[in-house]
Amino acid sequence: MNEKMILLGDEAVAVGALHAGASAAYGYPGTPSTEIITYLLDHHEHDLAVNWCANEKTAYETALGTSFAGRRALITMKHVGLNVAADPFMNSALLNLKGGVVIAVADDPGMHSSQNEQDSRFFADFAKIPCLEPVSQQEAYEMTRAAFDISESFHVPVILKLSTRISHSRAAVVPSASRSQNPVEKATDKQNWMLIPALARKRFDHLLSIQKDLLAWSESCPWNRLEQEPASSTAVIATGLGYNYLMENIAFMAERPSVLRVSAYPVPENLIRRVCEDKQRIIVLEEGYPFVERLLRGILPVTVQIAGKMDGSVPLSGELTPDNVRPALGLPAHEGIAADTGALPGRPPQLCAGCPHADTYNAVKEALASLPSGLVTADIGCYALGVLPPYSVPETIVCMGASIGMAKGAAEAGHENCVAIIGDSTFLHSGVTPLIDAVSHNADITVIIVDNETVAMTGGQKTILPSSRLVPVIEGIGVDPAHIKVIEAHRREYENNVKVIREEIGFRGLSVIISVRECIETARKKNREKGRTA
Amino acid sequence: MTYDIILTGVGGQGVLSLAAVIATGAMKQGLEVRQSEVHGMAQRGGSVVAHLRIADAPIPGDLIGKASADMVLAMEPLEGLRYTGYLKKNGILVASTAPVRNIPDYPDLDELLGRYTKLPSYRLVDAEGLAKQAGSAKTVNVVMVGAASSFLPVQEAMLKEAIRGLFQAKGEQLIEANFKAFDAGAGSAS
Numbered sequence: 001m002n003e004k005m006i007l008l009g010d011e012a013v014a015v016g017a018l019h020a021g022a023s024a025a026y027g028y029p030g031t032p033s034t035e036i037i038t039y040l041l042d043h044h045e046h047d048l049a050v051n052w053c054a055n056e057k058t059a060y061e062t063a064l065g066t067s068f069a070g071r072r073a074l075i076t077m078k079h080v081g082l083n084v085a086a087d088p089f090m091n092s093a094l095l096n097l098k099g100g101v102v103i104a105v106a107d108d109p110g111m112h113s114s115q116n117e118q119d120s121r122f123f124a125d126f127a128k129i130p131c132l133e134p135v136s137q138q139e140a141y142e143m144t145r146a147a148f149d150i151s152e153s154f155h156v157p158v159i160l161k162l163s164t165r166i167s168h169s170r171a172a173v174v175p176s177a178s179r180s181q182n183p184v185e186k187a188t189d190k191q192n193w194m195l196i197p198a199l200a201r202k203r204f205d206h207l208l209s210i211q212k213d214l215l216a217w218s219e220s221c222p223w224n225r226l227e228q229e230p231a232s233s234t235a236v237i238a239t240g241l242g243y244n245y246l247m248e249n250i251a252f253m254a255e256r257p258s259v260l261r262v263s264a265y266p267v268p269e270n271l272i273r274r275v276c277e278d279k280q281r282i283i284v285l286e287e288g289y290p291f292v293e294r295l296l297r298g299i300l301p302v303t304v305q306i307a308g309k310m311d312g313s314v315p316l317s318g319e320l321t322p323d324n325v326r327p328a329l330g331l332p333a334h335e336g337i338a339a340d341t342g343a344l345p346g347r348p349p350q351l352c353a354g355c356p357h358a359d360t361y362n363a364v365k366e367a368l369a370s371l372p373s374g375l376v377t378a379d380i381g382c383y384a385l386g387v388l389p390p391y392s393v394p395e396t397i398v399c400m401g402a403s404i405g406m407a408k409g410a411a412e413a414g415h416e417n418c419v420a421i422i423g424d425s426t427f428l429h430s431g432v433t434p435l436i437d438a439v440s441h442n443a444d445i446t447v448i449i450v451d452n453e454t455v456a457m458t459g460g461q462k463t464i465l466p467s468s469r470l471v472p473v474i475e476g477i478g479v480d481p482a483h484i485k486v487i488e489a490h491r492r493e494y495e496n497n498v499k500v501i502r503e504e505i506g507f508r509g510l511s512v513i514i515s516v517r518e519c520i521e522t523a524r525k526k527n528r529e530k531g532r533t534a
Numbered sequence: 535m536t537y538d539i540i541l542t543g544v545g546g547q548g549v550l551s552l553a554a555v556i557a558t559g560a561m562k563q564g565l566e567v568r569q570s571e572v573h574g575m576a577q578r579g580g581s582v583v584a585h586l587r588i589a590d591a592p593i594p595g596d597l598i599g600k601a602s603a604d605m606v607l608a609m610e611p612l613e614g615l616r617y618t619g620y621l622k623k624n625g626i627l628v629a630s631t632a633p634v635r636n637i638p639d640y641p642d643l644d645e646l647l648g649r650y651t652k653l654p655s656y657r658l659v660d661a662e663g664l665a666k667q668a669g670s671a672k673t674v675n676v677v678m679v680g681a682a683s684s685f686l687p688v689q690e691a692m693l694k695e696a697i698r699g700l701f702q703a704k705g706e707q708l709i710e711a712n713f714k715a716f717d718a719g720a721g722s723a724s
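So the sequences go chain by chain: C and S. Under my numbering, read the first sequence as residues 1 to 534, first letter to last. Under my numbering, read the second sequence as residues 535 to 724, first letter to last.
Below, in silico cross-link-like pairs of lysine-lysine (BS3-like), each with a Cα-Cα straight-line distance of 25 Å or less:
(1) S:K623 <-> S:K600
(2) C:K530 <-> S:K704
(3) S:K562 <-> C:K4
(4) C:K525 <-> S:K672
What the simulated footprint calls covered on chain S by chain C, stretch by stretch (three residues with Cβ under 8 Å from a Cβ of chain C suffice, anywhere in the stretch; the number is not a length):
(5) 565 to 573
(6) 597 to 604
(7) 612 to 626
None of these hints come from the bench; they were simulated from the model. Don't be surprised by glycine CBs; every beta carbon is placed ideally from N, CA and C.
Hey, can you work out the whole structure from these sequences and the hints?
As structure tokens, this is what we get:
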């Protein structure tokens with residue numbers, strides 16, 4: 001059991017949940033969180049329910065059912081996924097959770113593969129629940145285990161805030177003995193699970209009443225660690241990965257400062273007061289938004305000098321690095337080689353050679369070229385890469401499912417030839433409900449579902465429903481079957497595809513075109529697997 | 535001792551498998567390793583970079599700072615030059631000479647390779663040619679491990695053990711081809 005394992009941070013969370021006796025794990029794929037569920041699916045010798053879900057909200061609600069039945073559940077998502085799950089998340093803080101609920105949320109500062117860089121600590125603060133922030137793969141394992149215990153002792157959900165560099169970095173993890181799963185034992189206090197106003201008020205008062213206990217826990221938590229240097233006039237408060245980059249550089253500093261490492265929330269106010277006592281200069285290094293720094297600065301004047309993101313000592317956007325924390329620490333940049341090797345052309349990510357989306361975009365582009373004015377809203381997935389030449393088709397990309405509602409809004413504002421482009425998995429995640437809106441008001445839009453039968457961008461997970469279910473779903477909502485067209489996203493079908501797309505855009509009403517061809521990566525993977533079994 | 539390596543190439547070239555061989559070898563030798571990877575959108579046919587840190591003591595973070603890397607190890611010559619800002623003063627750039635021309639404005643190859651002469655320390659490797667000579671074009675990544683091996687703090691025996699482990703399932707023949715590829719890379723010093 002105590003044998004060293006080499007794990008990605010995400011995998012360490014998965015193993016942590018297994019060893020914590022989790023009975024279930026639910027999530028929706030999203031970089032950089034995906035490998036948590038992937039690992040659990042690949043290790044099905046363990047007796048727990050592991051599912052990809054239609055979206056983060058359904059994943060969250062399913063986990064609440066696990067908790068009500070007395071057992072532990074892990075929920076996984078990327079940071080923006082928590083926006084989708086915000087409704088059950090915020091309300092679940094008011095429940096009297098029975099089985100522990102841990103939400104592994106992977107933030108993506110620097111937006112390696114995301115639409116924004118929101119900091120999930122604000123969500124934990126908003127819901128008034130604890131948050132843990134690992135800085136190593138070992139801690140990702142240990143904190144996942146601890147998070148379940150904390151959730152069960154305070155009966156609230158706990159956020160495990162990951163970030164790209166922890167999720168997608170590999171290191172040795174030493175596991176400890178497993179805990180067995182909770183028995184199936186339904187919660188008997190149903191008044192603490194039904195949030196009608198009269199009961200919700202009581203539950204909210206309860207949540208407020210335990211805040212002092214949560215604070216006391218965080219003040220004494222070993223992951224919030226104070227190392228005092230009484231002789232120094234400087235204190236550094238480092239949260240999350242900021243601590244790693246401080247450690248990377250601390251030996252180069254002129255004098256060793258007092259250090260407060262913060263990795264457990266609510267914000268340990270007393271520890272902060274203690275580390276700042278008698279100091280003239282406070283340096284704050286935070287991966288994410290200036291969450292602690294904003295509290296420190298407040299609104300009224302402060303007598304100490306504070307260096308951090310809000311005064312520009314550390315960049316406000318992007319991820320922290322060992323380099324960009326150095327100015328705040330009073331250190332010069334490292335000196336490298338002086339060679340000037342000239343300018344280089346960029347190499348942005350692009351659609352794979354042979355990608356079906358390329359064939360769809362080519363056809364859409366030609367269909368629109370013959371019209372006086374078109375408008376194309378797109379969505380989240382590999383097909384977002386169609387923004388680059390030679391396609392340059394999408395004009396908007398906002399969030400999961402936004403394409404359909406935005407096309408309807410633009411059409412109702414009076415624009416003609418509005419086209420929404422959305423992937424099959426994104427459609428099932430958040431596209432069905434706006435399509436219901438479009439049906440109910442017979443919106444004059446053309447929805448093109450680019451169906452590659454795969455959640456491709458996150459590594460090729462299977463879409464939650466097979467392609468064959470898409471037409472019945474769309475018919476069932478009430479789209480006129482005469483304007484539901486299925487085309488093959490292939491070069492040989494090009495002329496026909498252009499014709500179908502042009503006709504449906506020209507139709508004054510709602511059309512749905514499903515442009516189908518399997519993701520070439522998925523096809524390759526299947527071929528490799530076939531080769532292996534043959 | 536800390537040895538920091540920036541690994542780079544184009545999405546799909548197997549930069550991560552290259553990192554895996556070195557990381558596994560280092561761990562077999564009892565060294566600490568942290569290896570950061572690239573997933574998601576960044577991966578699709580674009581420039582990719584992985585950070586591999588090897589040390590004989592705990593490693594504080596996953597990222598290597600600018601002007602701090604002991605080596606940039608590149609599967610592709612244009613991508614190698616892109617990351618020279620990570621090299622410390624005595625750091626070396628080891629790069630494959632085989633271009634991936636999936637962009638319209640790819641520079642002239644001879645001119646591009648000529649820019650390497652401005653670097654204080656580099657090694658260019660005909661990884662594709664050596665892999666073919668070793669018997670399998672699929673062994674280019676292992677050729678590059680071989681080419682880097684004399685600079686690494688990891689013993690050759692450990693790297694070979696890592697190669698054996700990674701190709702175990704695929705049979706003795708492929709292991710042998712990879713050993714040959716490794717030796718060809720290691721002997722490519724010029």
